[in-house]
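Student: Residues per chain, in single letters:
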Amino acid sequence: GAGVSQTPSNKVTEKGKYVELRCDPISGHTALYWYRQSLGQGPEFLIYFQGTGAADDSGLPNDRFFAVRPEGSVSTLKIQRTERGDSAVYLCASSRGLAAPYNEQFFGPGTRLTVL
Amino acid sequence: AQSVTQLDSHVSVSEGTPVLLRCNYSSSYSPSLFWYVQHPNKGLQLLLKYTSAATLVKGINGFEAEFKKSETSFHLTKPSAHMSDAAEYFCVVSDRTGANNLFFGTGTRLTVIP
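These protein sequence lines map, in sequence, to chains A and B.
This note's numbering puts the first sequence at residues 372 to 487.
This note's numbering puts the second sequence at residues 3 to 116.
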């Protein structure tokens, strides 16, 4: 079946602009996660959803970052007033549930965001 | 708090020789531990996971890892490296109290020399 998909694969924007990054999880997966991977680093947790609600948003770096999942499937990560430091690969993952053995996270290919 | 330390940023081995990628963890709780692999331009793929069952965990592509609580280690090994193993490897810890956030190490880049 189809895996996690993310669009766009690449996004170049200018400092101060607004961007939206989209994630389509695996069908039927109730949990969805966002991570950010800066160059030369491991992914860092941003936020995760169980259904439509954000269960933990403790990794969002500041209030310029926001994510939604209005129907419990597709999620959008929104970044306002982008800064050069936001440049990174944004990864999305989904899992069937939150408890083992259903909590294995499957990752998408990522969106590479470049802020000029 | 949970964290992992990958002791080598880059490991280089010859094809057919053993692979050892080292990882130490820190966790306030009994951890779940994982190894993920990231090939260029591909998504992260789970190699194996430890969740308090057997301490020696076997994964895909001939990889295995051993959980050693006394040493707080979870090193990844493979008896014989293949060219296709060249990639970035991440050691990951998860809090087992209910949160599902994954905490990644900084990664080890494995190079396989023909």
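Accuracy of the hints is not assured; some may be wrong.
Stated by the list, open to error - Straight-line Cα separation of at most 30 Å, DSSO-like style, residue types lysine-lysine; simulated pairs:
hint : chain 1 : residue 1 : chain 2 : residue 2
1    : B       : Lys44     : B       : Lys60
2    : B       : Lys51     : B       : Lys71
3    : A       : Lys386    : B       : Lys60
4    : B       : Lys51     : A       : Lys388
5    : A       : Lys449    : A       : Lys388
6    : B       : Lys70     : A       : Lys382
7    : A       : Lys449    : B       : Lys44
8    : A       : Lys386    : A       : Lys449
9    : B       : Lys71     : B       : Lys60
To be verified - According to the in silico footprint, chain A covers these stretches of chain B (three or more CB under 8 Å from chain A):
hint : segment
10   : 72 to 86
11   : 103 to 116
Since the hints were derived computationally from the structure, they do not count as laboratory data.
C-beta atoms are modelled at their ideal positions from N, C-alpha and C, and glycine is treated no differently.
Student: Hint by hint, say whether it matches the structure.
Tutor: Hints, verified against the model:
With a C-alpha separation of about 23 Å, the suggested pair Lys44/B and Lys60/B falls inside the 30 Å cut-off, and the hint holds. Under the criterion of a C-alpha separation no larger than 30 Å, the hint pairing Lys51/B with Lys71/B is consistent with the structure, at around 15 Å. Straight-line distance between C-alpha atoms of Lys386/A and Lys60/B comes to about 46 Å, which puts the hinted pair past the 30 Å bound. Among the hinted pairs, Lys51/B with Lys388/A is inconsistent with the structure: their alpha-carbon atoms are about 40 Å apart, more than 30 Å.
A distance of roughly 11 Å separates the Cα atoms of Lys449/A and Lys388/A; the hinted pair therefore holds under the 30 Å criterion. For the given pair, Lys70/B sits about 42 Å from Lys382/A by alpha-carbon distance, which is inconsistent with the 30 Å threshold. A threshold of 30 Å between alpha carbons decides the hint, and for Lys449/A with Lys44/B the separation of about 23 Å falls inside it, so the pair holds. Among the hinted pairs, Lys386/A with Lys449/A is consistent with the structure: their alpha-carbon atoms are about 14 Å apart, no more than 30 Å.
Proposed proximity of Lys71/B and Lys60/B is supported: the alpha carbons are some 17 Å apart, at most 30 Å. Under a criterion of three residues with beta carbons nearer than 8 Å to beta carbons of chain A, the stated coverage of the segment 72 to 86 of chain B fails, only 0 such residues being counted. Check result for the segment 103 to 116 of chain B against chain A: holds, 7 residues qualifying (beta carbon to beta carbon below 8 Å, three or more required).
The structure shown violates the earlier hints numbered 3, 4, 6, 10.
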